[in-house]
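Trainee: Given chain A, work out where chain B should sit, using these hints.
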Amino acid sequence: DAGVIQSPRHEVTEMGQEVTLRCKPISGHDYLFWYRQTMMRGLELLIYFNNNVPIDDSGMPEDRFSAKMPNASFSTLKIQPSEPRDSAVYFCASSPRQGGGSTGEKLFFGSGTQLSVL
Amino acid sequence: RKEVEQDPGPFNVPEGATVAFNCTYSNSASQSFFWYRQDCRKEPKLLMSVYSSGNEDGRFTAQLNRASQYISLLIRDSKLSDSATYLCVVGILTGGGNKLTFGTGTQLKVEL
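Chains as they are written, first to last, in the numbering used here: chain A, 1 to 118; chain B, 119 to 230.
Okay, chain A solo, but in the shape it has when bound:
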């Protein structure tokens, strides 16, 4: 089975440019998460979706960041304009619905997008 698929694997861009990261979750998973990882702050939850609906975006750093999930098989994270401090690894993860209505506790991560903003 295909896992969570992210693209691109690496992105190098200049400050001020728009960056779009893409994610295809595992088929049948109801939850999709976007995380950012840096050495200083570790893994930070940016936003997550349940059945394509954004549930909690309190981790989105600022208005320059936006995320969408137009359908169950695709999500994007956009940064516009990008800044050097946005440089990090961005992970997308999905999880299946579990009994009792809680999120699936096992997260399946994609391979991540290494973003460098110069």
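In case anyone wonders, no lab produced these hints; they're calculated from the structure. From the three backbone atoms N, C-alpha and C, an ideal C-beta is built for every residue, glycine too. Do not rely on the hints blindly, as some may be mistaken.
Derived contacts from chain B toward chain A, CB cut-off under 7 Å, selection only [unchecked claim]:
#1 GLU161
#2 PRO162
#3 LEU164
#4 PHE220
#5 THR222
Mentor: Same frame as chain A, but now just chain B:
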């Protein structure tokens, strides 16, 4: 205070040693607990869940102490392949589901 705190390490141990990591969490309402493993330049992967009664999976033992709000991971007979970063993860049930918070990880290096 961070929601989830871990000693970053690195822990350098010889092959065959027993090593233990601790993790503390700040929110007493936390309801679910996990250890994830992350290899260098790879994505995190679930290692094991942590239950109040403690649980074991081969050489790995996880324990939870709710009163003191800490979680531990014990690795026995460590192997070279155990070298990785171990992430402590704590979940809180919210209106939107189980929100997971990751610690910054503890790095383990197993040496010959």
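Trainee: Run every hint past the structure and note whether it holds.
Mentor: Okay, the hints, checked on the actual structure:
Interface hint status for GLU161 (chain B): upheld, as the beta-carbon distance to the closest one in chain A is roughly 4 Å, under 7 Å. Interface restraint check for PRO162 (chain B): the shortest CB-CB distance to chain A comes to about 6 Å, inside 7 Å, so the restraint holds. Annotation: interface hint on LEU164 (chain B) holds; nearest CB of chain A at approximately 5 Å, less than 7 Å. At about 4 Å, the closest approach between the beta carbon of PHE220 (chain B) and any beta carbon in chain A falls short of 7 Å, and the interface hint on this residue holds.
At a threshold of 7 Å, the smallest CB-CB gap from THR222 (chain B) to chain A is about 3 Å, leaving the interface hint in force.
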